[in-house]
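Chain F: place on chain P using the hints.
2 protein chains.
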Amino acid sequence: MSSVGANDISVLRLGHRRERDKRITSHLGLTARAFGADKIILCGEEDKSPLETWSSVTSRFGGNFDCYYEPKPLKFLRNVSKNKSSTIVHLTMYGEGLEKTISKIPDDKSIIIVVGGTKVPGEIFGLADYNISIGNQPHSEVAALAIFLNSWVGKIDPDKRFEGGEIKVLPSAREKKVFIAEEE
Amino acid sequence: MSSVGANDISVLRLGHRRERDKRITSHLGLTARAFGADKIILCGEEDKSPLETWSSVTSRFGGNFDCYYEPKPLKFLRNVSKNKSSTIVHLTMYGEGLEKTISKIPDDKSIIIVVGGTKVPGEIFGLADYNISIGNQPHSEVAALAIFLNSWVGKIDPDKRFEGGEIKVLPSAREKKVFIAEEE
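Chains P and F, in that order, give the protein sequences.
Each residue of the first sequence is one higher than the last, beginning at 1 in the working numbering.
Each residue of the second sequence is one higher than the last, beginning at 1 in the working numbering.
Rather than coming from a laboratory, the hints here were simulated on the basis of the structure.
Predicted model, so just to flag it, every value in this text is computed and none were measured.
Don't take every hint at face value.
Intra- or inter-copy, both count: the list cannot distinguish identical chains.
Unchecked claim - Restricting the straight-line Cα-Cα distance to at most 20 Å, the calculated cross-link-like pairs of lysine-lysine (PhoX-like) are:
1) Lys82 <-> Lys109
2) Lys119 <-> Lys176
3) Lys177 <-> Lys100
4) Lys84 <-> Lys176
5) Lys168 <-> Lys119
6) Lys119 <-> Lys75
7) Lys160 <-> Lys82
8) Lys119 <-> Lys177
9) Lys104 <-> Lys84
10) Lys100 <-> Lys22
11) Lys176 <-> Lys100
12) Lys39 <-> Lys84
If we strip away everything but chain P, and leave its shape as in the complex, we get (with noise of 0.2 Å):
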């Protein structure tokens, strides 16, 4: 397994929408930062929005997490694959079972997790290096990257990971705790 930071961890969002998508693209990207991913890719149609939301927690929230728009996906992944400068791993219900595959995966290079979106072109099965399914029934790319990366990453120390930031909410059995850092 990586531990956070050794090797980068991007997550690449295939064809998004921008009004059907806004919402499950936006948890998509804070489900990444959450769980310890380095960046989220944006591709589809361009869209500010999901940008403003993930850059705007990352200042509250702590921690460093980049995002960017990639109008050229299959363009970037090809290369990437040619290249091999970073493991490409695909998620979809259609790949092998987690369990079986996520030992392969070398923990001494980048990865780059790509999530569909409707209709994921075919090329992106033969550019993975791994099609990985968290189980074969269908739910939730959100669902299939918080599982993948809480198996990756593993438990993450959010003083390391998420510092910096204004805000910061404390565990609690009953009540919202929230710190809030005074501005100086």
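Just chain F, lined up with the frame of chain P:
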């Protein structure tokens, strides 16, 4: 840990908004089904669309998964809490950590997993037997539900749980392999 089917697992989705939450709510129910819940209870704005999606997926992909609309979730949860008929688990970024809490949940009783929604009423924190966070960073109720169910239910045997469907996806490293039952 409860074994699948031994005790009923329900998910209660608070505060659904017909337009904004269309896909998130749909994904939430599919995640509930795929990760071993028996039922989802939709609350907030009344909406046939997610109920139809869930029923359609269940009839195509197999298993038993119930869903219905509940117009008065607070009244419903107050009754559950008063009668102690089920354990109420509220997933919230303000709650106590999963690792610390999950072993305390009784495994001989049915559970209702409550997920927001924007603006969860404060009363829910008191009605819940356990307020549980999957990390204290903002992310997604879909991610939180997947991680909770994955810890609570454990590994699912899809052949047992999702029998009777027309469609069966077969795990594959390189392509889509789908088995479709022929009509008799």
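Problem - Violations among the numbered hints, reported as their numbers in ascending order - result: Of the numbered hints given earlier, those the structure breaks are 4, 7 and 10, listed in rising order.
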